[in-house]
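Number of protein chains: 2
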Amino acid sequence: MTYCVGMLVEKGIVMMSDTRTNSGVDNISVFRKMFHWNVPGERIISVMTAGNLATTQAVISQLEERTKTPDDRINTLLGAPTMFQVATEIGKLVRETISERQSANGLTGKGKFTASVIVAGQIAGMEPRLFMVYPEGNFIEASFDTPFFQIGETKYGRPIIIRGYDRSMSFEDAVKLLIVSFDSTLKANLSVGLPLDLMVIERDAFAPTHEKRIAQDDPYFQAISSSWGDALKSAFHSLPDYSFYSK
Amino acid sequence: MTYCVGMLVEKGIVMMSDTRTNSGVDNISVFRKMFHWNVPGERIISVMTAGNLATTQAVISQLEERTKTPDDRINTLLGAPTMFQVATEIGKLVRETISERQSANGLTGKGKFTASVIVAGQIAGMEPRLFMVYPEGNFIEASFDTPFFQIGETKYGRPIIIRGYDRSMSFEDAVKLLIVSFDSTLKANLSVGLPLDLMVIERDAFAPTHEKRIAQDDPYFQAISSSWGDALKSAFHSLPDYSFYSK
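Chains W and G, in that order, are what the protein sequence lines are.
So the first sequence is numbered by the working numbering: it starts at 1 and just counts up by one.
So the second sequence is numbered by the working numbering: it starts at 248 and just counts up by one.
Bound conformation, chain W alone (with noise of 0.2 Å):
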């Protein structure tokens, strides 16, 4: 499993996603899910991966023409004239890796080589944007009606966000946000896991403002873990008590 939040705030979009890849709970590593591409002040793109790793990989190294040797390759979405058009690209990319896997020499394996893919970034001249890519390769874009896009074990971590986001918040307070929403979700779900990779994509910086890989002994993930379950204990306390004897 995975879990990835892309959200969109007034300042930008805040990234995270896990590192967590398992066949199994015998079998776990680390694998990177967030990418992304930059030209200085022209364009930021970045993008995290949810599904079959060997899927999403091909997904990427195809993005990056990894067939070509380094001098031959150019990456189609450092051309693409717009972030739609990062999109199409990508879902393009993505139906057909898995229809290929799931196609090939009549091979059909037990698992299943569906992916997912949240797109976000920035073109000079227009707004950040943010997609969430399904295996179809079509895909849906967030505005401040739904402002977040969350993929693999997305149920876990999802009331706190519902509760705490704020299309006005600050990067700082985004971030603090989902980590708490990744801490509920670590908490249940041992396929989810550490470290977590963090990217904060400023409005019109084009380029990343802030990126972080956030391990088990990063202080302040260990702050918010421990003083969130106290935090809320008070927040439970709070709140009026029930009596069995009130209509």
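None of these hints come from the bench; they were simulated from the model.
Backbone N, C-alpha and C define an ideal beta-carbon position, used for all residues, glycine too.
Wrong hints could be hidden among the right ones.
Claimed, not checked - Sample of chain G residues at the chain W side, in silico, Cβ under 10 Å: (1) Thr456; (2) Arg460; (3) Trp475.
Claimed, not checked - List time: in silico DSSO-like cross-link candidates among lysine-lysine, alpha-carbon distance up to 30 Å: (4) W:Lys233 / G:Lys434; (5) W:Lys233 / G:Lys459; (6) W:Lys212 / G:Lys480; (7) G:Lys359 / W:Lys112.
We have chain W already, so just place chain G on it with the hints.
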């Protein structure tokens, strides 16, 4: 879908269930999923069901021997010597009911006839006990290591129970905790719906200590639902702030 939680505390057991059943999003109904039987001063048994409604209703009807005229009925649960025997009996009925439906006349419906049951209660001279019965008829018992069972849509409402639970909590706090858990779930999944059924089983009472149907217009539910958002936000803001510049 469904959401039911049975929770063991030192003082006894608290049970809460929603009442929504749905077949698609355009065919929703209200059905009771919580049932209880008791012999005053001797035993109380409470059951909550999730899964295929025809299956769960058939199980309950067979428990009550509704194939017989009222005078001839003997509820097996009321004669079982131990709660273990009660869970065994329910497990047997669940397994048989599912297995009959699935093999009947070689017909295979689109739906699955599966069901899960939470069983709680106490018989005089023994401890209060809480079980989760699987569709296969086998079951597990709660202890203070894992003091609650959820069935149905379990994920959204789980983190708050994990954080808020305390075995020595009052029944009132336990009810408050479950209402918060249900509210988070209701906000995220349309297939879980009000009203909620609540029952409190106090140790050595052998009768329901408290029973209530909590509807949309319940003032306590409304107070929790509206103040939990604010309480969570305060909890969130009480956490240390993230900084881009710390290591």
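Status of the hints after comparison with the structure:
no.	hint	verdict
1	Thr456	8 Å, holds
2	Arg460	12 Å, violated
3	Trp475	6 Å, holds
4	W:Lys233 / G:Lys434	21 Å, holds
5	W:Lys233 / G:Lys459	25 Å, holds
6	W:Lys212 / G:Lys480	25 Å, holds
7	G:Lys359 / W:Lys112	22 Å, holds
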